[in-house]
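Asks: Protein sequence lines, in the order shown, are assigned to chains A and B. Numbering (the UniProt record's numbering) for the first sequence: 1 to 732. Numbering (the UniProt record's numbering) for the second sequence: 1 to 316.
I should point out that these hints are in silico values taken from the structure, not numbers from a laboratory. C-beta: ideal position from N, C-alpha, C; glycine also. There may be inaccurate statements among the hints.
Unchecked claim - Quick list of in silico lysine to any residue cross-link-like pairs, SDA-like style, CA-CA up to 25 Å:
#1 Lys-723/A - Gly-297/B
#2 Lys-2/B - Phe-120/A
#3 Lys-39/B - Val-340/A
#4 Lys-30/A - Pro-23/B
#5 Lys-20/A - Lys-723/A
Stated by the list, open to error - Simulated restraints, written as ranges between beta carbons of each label pair:
#6 Asn-105/B - Gly-240/A: 23 to 29 Å
#7 Gly-240/A - Glu-58/B: 54 to 60 Å
#8 Gly-223/B - Val-663/A: 32 to 38 Å
#9 Met-731/A - Asp-251/B: 35 to 41 Å
#10 Phe-4/B - Leu-89/A: 52 to 58 Å
#11 Gly-33/A - Gln-295/B: 40 to 46 Å
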Amino acid sequence: MKFDTPATTNPIDQLKVVGKPLDRIDGPLKTTGRAPYAYERHDAIENPGYGYVLGAAIAKGRITAMDVSRAKAAPGVLAVVTAETAGKLGKGDNNTAKLLGGPEIEHYHQAVAVVMAQSFEQARAAASLIKVEYERAKGTFDLASAKDGATKPGDGKADTAVGDFETAFAAAPVKLDETYTTPDQAHAMMEPHASIAAWNGDKLTLWTSNQMIAWSTGDVAKTLGLPKENVRLVSPFIGGGFGGKLFVRADAILAALGAKAAGRPVKLALQRPLMFNNTTHRPATIQRIRIGATPDGKITAIGHESWSGDLPGGGPETAVQQTRLLYAGKDRMTKTRLAVLDLPEGNAMRAPGEAPGLMALEVAIDELAEKLRIDPIELRILNDTQVDPEKPERPFSQRQLVECLRTGADKFGWARRSARPSQVRDGRWLVGMGVAAAFRNNMVMKSGARVRLEASGTVTVETDMTDIGTGSYTIIAQTTAEMMGLPIEKVAVRLGDSTFPVSAGSGGQWGANSSTAGVYAACVKLRETVAAKLGLDPKTAEFADGRVKVGNQSLPLVQAAADGPVTVEDFMEFGNLAKTHQQSTFGGHFVEVGVDAFTAEIRVRRMLAVCAAGRILNPKSARSQVIGAMVMGTGAALMEELVVDKRLGFFVNHDLAGYEAPVHADIPHQEVIFLDETDPMSSPMKAKGVGELGICGVGAAVANAIYNATGVRVRDYPVTLDKLLEQMPLMA
Amino acid sequence: MKAFAYERARSPREAASAAANDPGARFIAGGTNLLDLMKLEIETPRRLIDVNGLGLDEIKPTRDGGLRIGALVRNTDLASDKRVRKDYGVLSRALLAGASGQLRNKATTAGNLLQRTRCPYFYDPNMPCNKRRPGAGCSAIGGFTRSHAVLGASEACIATHPSDMAVALRLLDATVETVRPDGGERTIPIADFHRLPGDTPHVETALARGELITAVTLPRPLGGQHAYHKVRDRASYAFALVSVASVIQKDGSGRVALGGVAHRPWRVEAAEAAMTQGAKAVGETLLAGARTTSQNGFKLTLAERALGAAMAQARA
């Protein structure tokens, strides 16, 4: 099915099941510990060997000698694999550095060996017996000093310009010109990258934890030099991904190589201390923002430049994208530059580009509002645009940013905010409020599904879509139930298997809308097939209460499966609507913080997000997504930083004690409001994504609240107390 | 992790003697720190001597009006003990500021004192560290040092001691009771228990090989207002950037000790003469001789301001 004209009324609009805040259907499996995560597939593999990864001890250079003999002779060891013994390996399309290093070392903790043993403990003990000698090479580890040598990234589209920014900015009566920095950040998901690999001849099955099954099946095949059809990936449950599991990582490749070498299935999870330097991270940015405005608050010129770094062949953190679309302004420019750094590989993390970009842009807007003496919400409203500012003929399909901000202001009590900073005290706490716009584009991706009406009357859905904790199982079941006129209990959903039809996968907040649209397409086909089987007119057949009705005729749905299950498959592909219309999601983040007047400790007191993101397929799971994203955004604002040792070239705080992310005590109160919205341009579901919208702008809202509380502006994330302390008011 | 032998000790003396005879032996109580270090092969004991069953888990009044806390009393039990809460509030608060509920349920009084540093370079076996391998050098110096010591550090080590409980015990002038491998007993004033790093940062306490902590004794209560302010980047489950333990009397006199600033809890009794003159006056002596890096200088300002907060609270 192709979606190329705006959606009209369809069975989803009944909203009997879709749009209801239903509990997630996989909840009981998770709360009772029966959800089969990759490392725990005892059901699939009874007696695996255990793999343990040895990471490189240097950031850049080469291995000059390696002695694995003691490890091989250690108790219980089945095999040791290194680059020397692994045979020729390719590299996946989505990998920058090799997943098994040596003799060249590209980054710290790049895998250099994997040990397989009868037990995990034996593998771990043996790994420490491997002797590696290195020759260090000089590396570049500091973005600030590499910045001036940064170049335009590969695709040539890195810069944008409309009008004459420099002239307009120079002429603007009110100017803002500030530089902001965001640090490297880790996904720090609960479940580490983990895989079990089993070979059957030259066919490989990987039970793994991966967000994008089809991409990754291809990359496993490419890395191992196998035909794609010889690789099967199974990933029904994922304990957090956040973009860190979009790609194949060392666990999968080393488990496969290890299983081959050991002659038996191998399970392997990346050790927590390896997670931070061995896998991908969100790259640090340096961002310069210049905005020119008239005294009454109209933006006339807006420019955003961003610098980030990555290994050779890697990509930039695209932090300037939002500035192209968020606010009006005639003369505009963006610029993206990429430096070569020898740190671990940078790549996507929840709202890649957008999250750090808005951490800068939405503070800049707050600063501009102060210069103009205009309320920051009013300034945003003054500069709202209903069309793409670069291409005014291209409207937004829906844009309720103003409504989000107004609703939020009302619910949050924004009117009580003091425009002057450092005015509100509550005991020893300085109290402030901050706001930021949330904005992220809605992408659509081709997505397929297979649906089967069983003889039992259950409809089974199969798609390689993944559920990374987001609620995919539940919204796919809701979609199917709505389409087929069944209660949700009569729908079974099977996900994350490369033998199922290729889906959109979980990434870029496109998963919910795209994958349910694919299920919609398959259900449309099933409805037609069922109606035809029952001798009813497919065009007028209604599906409700487990029955199919045309006029006065009504037959049980299950009757169509009387002589065997009815299976159909289809996909949704998307036409030009995304080009003719800008599809985006919007929100407003509101934050109140307290800052200890003595110690400058920063504590969030309450948060509110108001979101407009198309039809909300399940308000409960969508709310969870936004709440989680707000927590992550708060972490980015206040504590999350992969600290670079600029001498040795590695992320120093590579465990969960050193890399702090917020705990429950950090955020006592969160609220989420979804505005009523349907977007017929997005898909027949009329839905959009929320999982990344939720993090966009949060960090800036926190930083703006800190400024409002203290009068201290910090432009270098995370905003920690040491950056405030010297400017805090003197205390008796 | 290396393979190791495991045994249960039958008496404190037997445990001490067994440990003294085997340099590869370690006591294990709650294991909340040791097991993590063993997994990373930072600690590689050949033999673990389990001291959990030795009956050292009672809190009893002493003859001179103090409390004797068994070495195996769990942090949760100590923090919630009525006598501790009433008379030694600073200790209860310090304990509750540390770790998480699950860890406090396991962690013991003696084990808490013997925690090892959380310096990230100590935790990465690829990085030279004088604590892990004496003479190897210190990779923290010149690196990421935001959390490191500003007082009493050396050219060999700038690590801090992570315990909150120990800061309160230092403030309260606790004494550590031990049994030696020969069966002899001794008491060590808490001020002498933790060492500064000097040239031997791997030697962290006054304990001799095999010597086993049996109890920690608190002298009679001090009265006054007790406070423990642990300053950290997140609200819970984080180590202190700086912590301030204080007991302040009605007249403004009192005691103060700092955590997060040195290789041991930091108290300078002479500084306490200035308690009635405000935090700055106390800080002049308490923080004298401080040496900071480009990243941790804020700790001095922070310590003084946190002490100011404790004083303001005591006046309120």
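Asks: Measuring from beta carbon to beta carbon, are Gly-223/B and Val-663/A in 32 to 38 Å?
Replies: 35 Å, holds
Asks: Taking 52 to 58 Å as the stated bounds, is the beta-carbon spacing between Phe-4/B and Leu-89/A within them?
Replies: 37 Å, violated
Asks: At the C-beta level, are Met-731/A and Asp-251/B separated by a distance inside 35 to 41 Å?
Replies: At 21 Å between Cβs, range violated.
Asks: Straight-line Cα separation of Lys-39/B and Val-340/A no greater than 25 Å?
Replies: Violated, because 35 Å separates the two Cα atoms, which is more than 25 Å.
Asks: Regarding Gly-33/A and Gln-295/B, is the given constraint of 40 to 46 Å on their beta-carbon distance met?
Replies: 42 Å, holds
Asks: Assess, step by step, whether the Cα of Lys-20/A is no farther than 25 Å from the Cα of Lys-723/A, and give holds or violated.
Replies: 45 Å, violated
Asks: 54 to 60 Å was suggested as the range; check whether the CB atoms of Gly-240/A and Glu-58/B agree with it.
Replies: Violated, since Gly-240/A and Glu-58/B (Cβ atoms, about 43 Å apart) do not stay within the stated range.
Asks: Does the structure keep Lys-30/A and Pro-23/B at a Cα separation of 25 Å or less?
Replies: 46 Å, violated
Asks: May I ask you to test the hint 23 to 29 Å on the CB atoms belonging to Asn-105/B and Gly-240/A?
Replies: 26 Å, holds
Asks: For the pair we were handed, Lys-723/A and Gly-297/B, check the Cα-Cα distance against 25 Å.
Replies: Distance of about 11 Å is within 25 Å: holds.
Asks: Against the 25 Å threshold, does the CA-CA distance of Lys-2/B and Phe-120/A hold or violate the hint?
Replies: 12 Å, holds
When the structure is compared with the earlier hints, violations turn up for hints 3, 4, 5, 7, 9 and 10 and for no others.
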